[in-house]
Amino acid sequence: MGSESRNITVTRLIEAPASRVFAYLADPANHQALDTSGMIRGAASPGPITHVGQVFVMNMNNAIKGDHQVANHVIAFEPNNIIGWAPAEPGHPPAGHTYTWHLKPTDDHHTTVAQTHDWSAFTHTDMLSHLPVVNHEQLQASLDKLADNIRAS
1 MGSESRNITV TRLIEAPASR VFAYLADPAN HQALDTSGMI RGAASPGPIT
51 HVGQVFVMNM NNAIKGDHQV ANHVIAFEPN NIIGWAPAEP GHPPAGHTYT
101 WHLKPTDDHH TTVAQTHDWS AFTHTDMLSH LPVVNHEQLQ ASLDKLADNI
151 RAS
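Using the working numbering, the first residue of the sequence shown is number 1, and each one after it goes up by one.
Simulated from the structure, these hints should not be mistaken for laboratory data. These numbers were taken from a predicted model, which means no experiment stands behind them. In this text, a Cβ means the ideal position worked out from N, Cα and C, and glycines have one as well. A portion of the hints provided could be inaccurate.
Across the chosen pairs, the derived CB separations fall in these ranges [stated by the list, open to error]: (1) D108 to A63: 42 to 52 Å; (2) N135 to D108: 26 to 36 Å; (3) G66 to P105: 39 to 49 Å.
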């Protein structure tokens, strides 16, 4: 990949307070509704994300692995500010790519949300050609889904 950027960040204003956006993102049961890759099948771990170091498992499907699970290691957790995770095969350390959501309240009823997919630390060189997992347009569409789902809830 040379000097190419190995991360993508998209931003959108969401019509909701940061606490509501954060609560939505902290519940893995909501992640399938935000998925624009078609890979997430649902949460295998019950309950919300509550702290750094927590691992939550998602049921997945893709053309390379078929049905499988991904263990997401929580790497960032500051309520109403930041939440992020690093995917891994269950029982293994994270592979070096992350998904992080930064929330910045603009007022009591609006939050600027930045979502970053970063694969700069990805260590499986044979899999680099499959990255990014989602592209810029898919990440932006995920933020649009977040806005729509929060508005509808």
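Each hint, compared with the structure:
no. : hint                     : result
1   : D108 to A63: 42 to 52 Å  : holds, 44 Å
2   : N135 to D108: 26 to 36 Å : holds, 34 Å
3   : G66 to P105: 39 to 49 Å  : holds, 41 Å
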